[in-house]
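*Asks:* Spelled out from the first residue to the last, the chains are:
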Amino acid sequence: MIIKQLSIFLENRTGRIREIADLLARADINIRALTLADSSDFGIMRLIVDKLDAALKCLKENNISTALTSVVAVEVPDKPGGLAEVMSIISDSDFDIVYMYSLPEKKHNNAIMIMRFNNTEEAAGILKQHGLNILKQEEVLSL
Amino acid sequence: MWNPEKEQIPVLQLRKEQSENLKALIRRVYDRVPFYREKMNLHGITPDDINSIEDISKLPFTSKHEMRNVYPYGLLAVDRKEIVEVHTSSGTTGKPVVDAYTRKDIELWGEVMARTLGMGDVDSSDTVQNAYGYGMFTGGMGVHYGAHRIGATVLPASSGNSKKQLQLMQDFGTTVITCTPSYCLYLAEFAKDQGVDISKLGLKAGFFGAEPWSDKMRQDIQKKLGIKAFDIYGLTEIIGPGVAAECCEAEGLHFFEDHFFPEIINPETGETMPDGEKGELVITTLTKEGTPVIRYRTRDITYLMPEKCRCGRTMRRIHRLFGRNDDMMIIRGVNVFPSQIEELLLCIEGIEPHYQIVVDRKGMLDTIAVHVEVNETIFSDEIRKLEHLEKTIASEIHHTLGIHAEIKLVEPRSIARSEGKAKRVIDNRNLSIEA
Numbered sequence: 001m002i003i004k005q006l007s008i009f010l011e012n013r014t015g016r017i018r019e020i021a022d023l024l025a026r027a028d029i030n031i032r033a034l035t036l037a038d039s040s041d042f043g044i045m046r047l048i049v050d051k052l053d054a055a056l057k058c059l060k061e062n063n064i065s066t067a068l069t070s071v072v073a074v075e076v077p078d079k080p081g082g083l084a085e086v087m088s089i090i091s092d093s094d095f096d097i098v099y100m101y102s103l104p105e106k107k108h109n110n111a112i113m114i115m116r117f118n119n120t121e122e123a124a125g126i127l128k129q130h131g132l133n134i135l136k137q138e139e140v141l142s143l
Numbered sequence: 144m145w146n147p148e149k150e151q152i153p154v155l156q157l158r159k160e161q162s163e164n165l166k167a168l169i170r171r172v173y174d175r176v177p178f179y180r181e182k183m184n185l186h187g188i189t190p191d192d193i194n195s196i197e198d199i200s201k202l203p204f205t206s207k208h209e210m211r212n213v214y215p216y217g218l219l220a221v222d223r224k225e226i227v228e229v230h231t232s233s234g235t236t237g238k239p240v241v242d243a244y245t246r247k248d249i250e251l252w253g254e255v256m257a258r259t260l261g262m263g264d265v266d267s268s269d270t271v272q273n274a275y276g277y278g279m280f281t282g283g284m285g286v287h288y289g290a291h292r293i294g295a296t297v298l299p300a301s302s303g304n305s306k307k308q309l310q311l312m313q314d315f316g317t318t319v320i321t322c323t324p325s326y327c328l329y330l331a332e333f334a335k336d337q338g339v340d341i342s343k344l345g346l347k348a349g350f351f352g353a354e355p356w357s358d359k360m361r362q363d364i365q366k367k368l369g370i371k372a373f374d375i376y377g378l379t380e381i382i383g384p385g386v387a388a389e390c391c392e393a394e395g396l397h398f399f400e401d402h403f404f405p406e407i408i409n410p411e412t413g414e415t416m417p418d419g420e421k422g423e424l425v426i427t428t429l430t431k432e433g434t435p436v437i438r439y440r441t442r443d444i445t446y447l448m449p450e451k452c453r454c455g456r457t458m459r460r461i462h463r464l465f466g467r468n469d470d471m472m473i474i475r476g477v478n479v480f481p482s483q484i485e486e487l488l489l490c491i492e493g494i495e496p497h498y499q500i501v502v503d504r505k506g507m508l509d510t511i512a513v514h515v516e517v518n519e520t521i522f523s524d525e526i527r528k529l530e531h532l533e534k535t536i537a538s539e540i541h542h543t544l545g546i547h548a549e550i551k552l553v554e555p556r557s558i559a560r561s562e563g564k565a566k567r568v569i570d571n572r573n574l575s576i577e578a
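Protein chains in written order, with our numbering: chain A, 1 to 143; chain B, 144 to 578.
You may find that some hints are simply not true.
As the list claims (entries may be wrong) - Label-pair restraints from in silico Cβ distances: (1) B:535 to A:87: 30 to 40 angstroms; (2) B:501 to A:87: 39 to 49 angstroms; (3) A:119 to B:449: 53 to 63 angstroms; (4) B:538 to A:82: 16 to 26 angstroms.
To be verified - One-sided and incomplete, this derived list gives chain B residues near chain A with beta-carbon spacing under 8 angstroms: (5) 171; (6) 518; (7) 519.
Think of the hints as simulated: they come from the structure by calculation, not from any bench. No experiment lies behind these values; they were computed from the predicted model shown. Yeah, the Cβ is synthetic: ideal placement off N, Cα and C, and Gly gets one too.
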């Protein structure tokens, strides 16, 4: 139920994202989902990639602060009210969302929300109980 | 203990020896070194005025500036034929300072460095890997002579080339490492990257000096290398390393005051301060022949600890340096030493001593920024946790030092690692013009 995401610490400076993209490209790693969070002087890049171990190895070898983080991938109907429905389950269950981002799902015309909670594992269980489709790592990668 | 007879000399006898040596020294330099003779004449002092060690405060100080002005041989007190070796300071900020040694001076250097290494019970069974630079710098040869005197096996590795350093350690079973403390931590990091557990290599002690380092950094070194870390003190102007060293009690550095007489003065007035009071360290070389130095103003801030030490040595100790007058930053009127900021940083869980302080002036106001590397321990996927860390550091600094510092988290290894002295402070204020 839980999928693994790479989180990378980046200083805010010109060309840094490109350098990371180049590194991953050279290691033949495909990025499935990506989001950037920023503060005034640094940012965190969050990625879901096809070859997790290889990506981790390549980043660490280049002295880039990288962490593996647990997140949930939830399938959300790609129609008005789709997200609202999922959110109502979460707010009723008293979980806090730390951050979330979305990626398109090509096959079924649904959206995928990647979410991190204050208690990610428990939250994933609750969402599943409510009949939502929680994707596995390989499912996210095969989208 | 390398030389119990000297290192445990009764204090009264020590003062008597110091008095005799001072009298002879002043007579010698007055006769042979025009630089000192002219200064004494200017102050209306003759060798007859110096009758005991207490009279030392009558003598004029010597500054680094003056020593540079007489480059290269202006302080020579013997015939040049008697000089067997010369070292100089780096001279990065002007002409270098020269230390010229007679054969007896080299023996003296070996003796005080043997005492230094003896603090960590180094003996002939030890292998000393000397990663201080060999060359005009005093660090390399100073340790070398001390280790020779003891009869230990010396690996004259010199500074840099971490791969080679690690290889030597493994191949020759190094038990003692000597280098700058920042290089030692660099080496530990390097070993980790190479997949080598440096704490398992059989090292037992390390002697670190040539730059200020905090107690937290000591703990870090001791933990990472599995050794006891000793602080050593010395300066080219006096002899190089071997002026003072910590014993196993690690509560201050024993000053080898039978050869180098320490005083603490008020840096503003030049007045001598009593033992226990903080001020600038001033040193006189009582026995050195080649280039004797009278009341050299070190710019180092410390105090003298006259209390008897549990280790049995009778020579007074100095507290670990609080920093240099030169290192001291004045930020909006507050005196700040980089070592204070380092101490605070290292108190925060997970932070390693890879930091840099950037001082700037925006309009009329000084600003201080502290760059701290984000390692795996402190990296969090959540922005607010990292921002919280920045706030914690800023509030620790504000709380303790009363200054507002901007904290900037930076990527690992983005702060330059020197293989020698770490550059901790970048001061972008152009103060010399305004002064």
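*Asks:* Now, for every hint given, state plainly whether the structure supports it.
*Replies:* Evaluation of the provided hints:
1. Take residue 535 of chain B and residue 87 of chain A: their Cβ atoms lie about 33 angstroms apart, and the range 30 to 40 angstroms holds.
2. Checking the proposed 39 to 49 angstroms range against residue 501 of chain B and residue 87 of chain A shows it holds: the Cβ atoms sit about 44 angstroms from each other.
3. Range check, residue 119 of chain A to residue 449 of chain B: about 60 angstroms between beta-carbon atoms, so the 53 to 63 angstroms window is met.
4. Distance hint for residue 538 of chain B and residue 82 of chain A: a CB-CB separation of about 44 angstroms, inconsistent with the stated range 16 to 26 angstroms.
5. Hint on residue 171 of chain B is violated. Least Cβ distance to chain A is approximately 56 angstroms, over the 8 angstroms limit.
6. For residue 518 of chain B, the suggested interface contact is upheld, since its CB lies about 7 angstroms from the closest CB of chain A, less than 8 angstroms.
7. Annotation: interface hint on residue 519 of chain B holds; nearest CB of chain A at approximately 6 angstroms, less than 8 angstroms.
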